[in-house]
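The listed protein sequences correspond, in order, to chains A and B.
Going by numbering that gives the first Met the number 0, the first sequence opens with residue 0, and the numbers climb by one from there.
Going by numbering that gives the first Met the number 0, the second sequence opens with residue 0, and the numbers climb by one from there.
Hints in this document: simulated from the structure, not taken from any laboratory.
Among the hints, a few may not be true.
[As the list claims (entries may be wrong)] To give an idea of the interface, some chain B residues facing chain A are shown, with a C-beta separation under 10 angstroms as derived from the structure:
| no. | residue |
| --- | --- |
| 1 | I44 |
| 2 | T80 |
| 3 | R111 |
| 4 | M116 |
| 5 | M123 |
[What the hints assert, rightly or not] Below, in silico cross-link-like pairs of lysine to aspartate or glutamate (EDC-like), each with a Cα-Cα straight-line distance of 16 angstroms or less:
| no. | chain 1 | residue 1 | chain 2 | residue 2 |
| --- | --- | --- | --- | --- |
| 6 | A | K38 | A | D73 |
| 7 | A | K38 | B | E48 |
| 8 | A | K66 | B | E48 |
| 9 | A | K67 | B | E48 |
| 10 | B | K229 | B | D244 |
Beta carbons: idealized from backbone N, C-alpha and C, even for Gly.
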Amino acid sequence: MFRQVAQLPLDFTLFKGTGTITNWSSSGSVIFGFGASSKVGEEVKRMGAKKAVVTTDQGLVKLGVAKKITDSLDAAGIAYFSL
Amino acid sequence: MLISVYDQCESDPSVATVEKVAALAKDADVLIGVGCSFNIPSPAICDPELTMSLPPVVTAFTGMDALTHAIEGYVSRASDTFSEALAEKAIKLIAGALRRATFNGEHDRQARYDMMMGSTLAAMNFCNSILGISHSMAPPLGAYFHVPHGVGNAICLPVVMQFNMWAYPGKFAELARLFDRDITGMDLKDAAQLGVDCVRELLEDLPVPSLASYGITQADIPLLSDEAMKGGARCTNPKTTTTEDFHILFAEALKLKN
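Between the sequences and the hints, there should be enough to build the whole structure, so can you do that?
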């Protein structure tokens, strides 16, 4: 379901130079900008997931930040439970 | 699955089993980084809108945390050209936006955007080049005195930079340029010192609480230093460190923001 991403360079080399082979890796994609959180549902759906876990806290629930994420999941028809 | 715990290592990270990491996390109230390829997100979604109403103090110390990621990753012994390019842009964005984001709050959308972008770039940098000893000093401050991670890093960063300056003076001079200072014709030493001073001045301008306000005194330094010696990021810090170094660094950090 999840895209295979490169191995993090945990066996990192100190003083990487022209004599070393560098393994540089990052997340598969970065979705960035004002309102990007509305894309959460769409992205989760694209990964083929049916259920999601939302990890949050009381403060974020009170401020309506968590709701922006759950609204997006609702719109995409993804079931979720919150922690 | 391989999980590395960067503890007590100078050059060679010890490899631990999953059980060891779980045990560590259970016994100690310490922030422990757990890194493995399964932790890399497939997509990362970053929305500056969610930070618009963040209060000034939280904006200030989380922003300084992002700057710490950028700078420590930039001068790390494991840095590479990919990471350096990201770090340079991250530092430039944060240097230009952190004061505005802190004091203008929700009235400055561009500053919030730049901070989110700077913080994202900084994280893409340090995940590959690892960090420095500010990230060995902040976790024990959090564990024993509940100093937020960002506050610990904000206070330790200028002190750690001063300590590390002579390892890569060229990179510290470049920092001054990224903070929009003119270093043309300057001595390398003066330019590098200016790089450190830019961060010190930034910290002075921001509403970050002092370590003393969390009840930390000189008497706590030996304990904090012993814990910092266990910090993982020591192996990629530009300079090697001893417990005595941490005594001096914590003493310096205690003087800031009072």
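Contradicted hints - numbers only = Checked against the structure, no hint fails, so every one of them is satisfied.
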